[in-house]
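Chain by chain, the residues:
There are 2 protein chains.
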Amino acid sequence: MTEEMSAKLEKLAELQKKLYAFKYATSSIYLDSATVAPKDTEEGRGEALGILTEYMFDLSTKPETIELLEYLKEHSEELTAHQKREVELLLRDNEFKKTIPAEEYIEFQRILSKAEAVWHEAKLNNDYEAFKPYLKDIFEYNIRFAKYYKPDQEPYNTQLDMFERGLTMEKCDKFFETLREHIVPLIKKIMATGKNEKLPKLTGFAIEKQKQLTEYLMDFMSIDPNHCVCGETEHPFTLEFTKDDVRITTHYHEDNFESSMYSVIHEGGHALYELGGADEHKYTVVAGGVSMGIHESQSRFFENIIGRSEAFITAVLPKIKEIFPEQYGDITPRLAYEIINRAEPSLIRTEADELTYCLHVMIRYEIEKKMFAGEITVDDIPAEWNRLYKEYLGVDVPSDEEGCLQDSHWSGGAVGYFPSYALGSAYGAQMLAKMREDIDVEAAIASGSLKPIADWLKDKIHQHACMYDPEELFLMVCGAPFDPTYYVEYLEKKFSDLYGV
Amino acid sequence: MTEEMSAKLEKLAELQKKLYAFKYATSSIYLDSATVAPKDTEEGRGEALGILTEYMFDLSTKPETIELLEYLKEHSEELTAHQKREVELLLRDNEFKKTIPAEEYIEFQRILSKAEAVWHEAKLNNDYEAFKPYLKDIFEYNIRFAKYYKPDQEPYNTQLDMFERGLTMEKCDKFFETLREHIVPLIKKIMATGKNEKLPKLTGFAIEKQKQLTEYLMDFMSIDPNHCVCGETEHPFTLEFTKDDVRITTHYHEDNFESSMYSVIHEGGHALYELGGADEHKYTVVAGGVSMGIHESQSRFFENIIGRSEAFITAVLPKIKEIFPEQYGDITPRLAYEIINRAEPSLIRTEADELTYCLHVMIRYEIEKKMFAGEITVDDIPAEWNRLYKEYLGVDVPSDEEGCLQDSHWSGGAVGYFPSYALGSAYGAQMLAKMREDIDVEAAIASGSLKPIADWLKDKIHQHACMYDPEELFLMVCGAPFDPTYYVEYLEKKFSDLYGV
Chain H
3 MTEEMSAKLE KLAELQKKLY AFKYATSSIY LDSATVAPKD TEEGRGEALG ILTEYMFDLS
63 TKPETIELLE YLKEHSEELT AHQKREVELL LRDNEFKKTI PAEEYIEFQR ILSKAEAVWH
123 EAKLNNDYEA FKPYLKDIFE YNIRFAKYYK PDQEPYNTQL DMFERGLTME KCDKFFETLR
183 EHIVPLIKKI MATGKNEKLP KLTGFAIEKQ KQLTEYLMDF MSIDPNHCVC GETEHPFTLE
243 FTKDDVRITT HYHEDNFESS MYSVIHEGGH ALYELGGADE HKYTVVAGGV SMGIHESQSR
303 FFENIIGRSE AFITAVLPKI KEIFPEQYGD ITPRLAYEII NRAEPSLIRT EADELTYCLH
363 VMIRYEIEKK MFAGEITVDD IPAEWNRLYK EYLGVDVPSD EEGCLQDSHW SGGAVGYFPS
423 YALGSAYGAQ MLAKMREDID VEAAIASGSL KPIADWLKDK IHQHACMYDP EELFLMVCGA
483 PFDPTYYVEY LEKKFSDLYG V
Chain D
3 MTEEMSAKLE KLAELQKKLY AFKYATSSIY LDSATVAPKD TEEGRGEALG ILTEYMFDLS
63 TKPETIELLE YLKEHSEELT AHQKREVELL LRDNEFKKTI PAEEYIEFQR ILSKAEAVWH
123 EAKLNNDYEA FKPYLKDIFE YNIRFAKYYK PDQEPYNTQL DMFERGLTME KCDKFFETLR
183 EHIVPLIKKI MATGKNEKLP KLTGFAIEKQ KQLTEYLMDF MSIDPNHCVC GETEHPFTLE
243 FTKDDVRITT HYHEDNFESS MYSVIHEGGH ALYELGGADE HKYTVVAGGV SMGIHESQSR
303 FFENIIGRSE AFITAVLPKI KEIFPEQYGD ITPRLAYEII NRAEPSLIRT EADELTYCLH
363 VMIRYEIEKK MFAGEITVDD IPAEWNRLYK EYLGVDVPSD EEGCLQDSHW SGGAVGYFPS
423 YALGSAYGAQ MLAKMREDID VEAAIASGSL KPIADWLKDK IHQHACMYDP EELFLMVCGA
483 PFDPTYYVEY LEKKFSDLYG V
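Top line first, the protein sequences correspond to chains H and D.
Residue numbering for the first sequence follows my numbering, beginning at 3 and increasing consecutively.
Residue numbering for the second sequence follows my numbering, beginning at 3 and increasing consecutively.
Identical chains share a label here; the pair holds if one copy fits it or two copies do between them.
Cut-off 27 Å, straight-line C-alpha distance, at most; resulting in silico cross-link-like pairs (DSSO-like, lysine-lysine):
(1) Lys64 to Lys25
(2) Lys284 to Lys19
(3) Lys138 to Lys152
(4) Lys284 to Lys116
(5) Lys100 to Lys116
(6) Lys64 to Lys13
(7) Lys100 to Lys138
(8) Lys41 to Lys453
(9) Lys460 to Lys41
(10) Lys19 to Lys100
(11) Lys86 to Lys25
(12) Lys41 to Lys19
(13) Lys284 to Lys41
(14) Lys20 to Lys100
(15) Lys10 to Lys64
(16) Lys41 to Lys20
(17) Lys13 to Lys116
(18) Lys392 to Lys191
(19) Lys200 to Lys321
(20) Lys64 to Lys19
(21) Lys116 to Lys20
(22) Lys462 to Lys173
Bear in mind the hints are in silico, worked out from the structure with no lab data behind them.
Using the sequences provided together with the hints, build the complete structure.
Structure, rendered in structure tokens:
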């Protein structure tokens, strides 16, 4: 290797370590703000985050960086596969950011640092008008940035591609159409059985006891407590510092222990993905999950395909009985399985069952698409939201708090993220079929630990971090491109059996 | 103002905001590590902190910064008093840091980022040998840096001055001598009474209930919960992000609720100091407490002079009875006052009573002084520690865990910090005398809120943040230089009365 090359590679490593340090810092500040920070403290946090974000933006876009990356790209035959990927990902990020004027990027970050608190208050007060100007800005900035980045492309396609490389409206439309065709009639049949009314409604789950269950579940999932702990926040999330330091959060409800149970398993799925990366990716941009779709495929795989399976609830039921003898003493495995899979149209996405969940996602997708196409404005969002809930799910939305103000994504700037939830759910069904070729999934669950399942996923997916784009990775894992039929068949089989329809 | 000057002032503000952002980030990371981070996560944290520290060091020492500060110093007649102070403090910091080779500074930070975890394990395992090499490095770096900074001065004097500007070994020796002369015979008299044996030993304080008391105490102290919250850590501390965002922590012991109660009041005193700064200091280096001595004067004032007064325990006793009826149902105010002031030689500084506390500090001071003078080495610290505990307090130290491994300060790099605890305690007694000229302290306490006391301190001390050096500030507050007689008289009066000696 030439001396010049070796100096350049040192600079490449240094650049990524610096980006890592700033990401670490902003993650830590975010975690604090979501967990323990006192209420009236946004101002100081916003000032700090603004400056740190500026440093990151500058690191990614300054001429010295571009020059370095271009040099390395030109000499890519001298790079290892890993280094090539580092350069590719950095250039990709750079290609996006360099089209945005720095002051607009920073201004957008400042808006976001306020938007979260405003949304929070607006939701508490059921006051869409208070959040509306921020939402307007957030959509406008996203549309503008998408146009800067790829002026010749539909901005919403650009947006979808940023969360799930390769995803387009065409693909989404087709995927969602398939889902709707099968799910909507199935839900109607389920509702007609009247079976949901017969399921018991259990309440009074002490939070301290729910915390015991959290520990048990994380252990069952083979999550190492020396590298991952669970905190409490209003909205559950996963946050990764490194592959050795991942945090998940949950929210406990006294009258609904399933809510936290399945949040823990969902976030635990994200956590296993992050914890399973190979050491070689550490402190490089290759570290971490490759896309939102693949990430959700892991979280929703554990939450639903595993967590809401008859085998799983049967395996954990003795522990649930031990912790909640009053409520669960007499519940049979089959009844527990029915309780955790109660399927019915509802208002809140995060509390929705596996079957209706994707309809919630489609509604958000339709709204985002129309906003990007200029067919509706922020003034129309509440009415459009309510109209679609009626059309897709047959429910009346009583307030914006339980309607278009329910999710935190938009206030965090994430527009185009929602489809990845549905896509990830569907990826999981196809991965399950592949996994069954290698391991007896039900036997693994019954053995009392999800480790064999987590290890399979680690080997096929987690260890690779961002080395491959999602489509390529999917092909490597499943040996075929994504096909929604797996998911539709999975849902139809599971829910036909559950409801006898 | 010239255009040049106005550009320079903008740069001055920008520099300080950047320093603020990095301090915010490192504080957030520290807080996380001390509260919720999983165990095996130091590596990734160390990498991030190393890089962020490097940025801060570079910001403080780069030629552009020095040039800016020197320009502003030369044109100081054009600056406001506040700007002058900003330049003065930045130059002071710069004068220290510029003498240190960057790589040594960064290496020291890396050692510190590991030392804390090593000390923690060493303490758990009572294994001084494991910590010894780190302690050796920490003392050596401190001595070396002190010599770089002021080659013509005794390094330990340089060190003391860094924590409490103006403090010297000569002053410390004199102050400690006065204290010893009065405290040692008083303790002997107290022990001879045998009164301590008659005090009840109360146990079984549920932690959830102690948390209620924490909330009550913070409210009693007039700490705004929208700007300050209390967390849990092994060693209590206070951490400030801005004057609007301060965190305190405590540690709950089931068998000793006073430990957490007085930690909360102590850290609450630090918090009030930080929360009381004027808005104009925000995002500048003038923000925050001016010295460790003044900081401890506030925390130990609230903890002891107020918190362990008969008036205070009488005022909060009804709440204590309400929360702990089993243990405190029959306790009279006078007995409660005697319980919280039980004075006797002991092993652990942080649990020591007000009277013997300073002797614990003196022991650490003597050891640091001898280490700096080269009279002892890290090999001698355990024996020297134990010898001094026998000499000063008459107790036998059974293990290093309860001996020289008990404090976190050295592992955090803070050598020369301890004297400020004793000094701060003594400052407080003189401040009390001055405060009595303006307000009826006992009546304020009896009224059910410490707000009048906090407001007096805010007006005289807190609002000024770092505008004045500690000696100057003390003179402004008390109208006279520091005189340890106030403290000695305060202790003699209080404890003679308590023990009838």
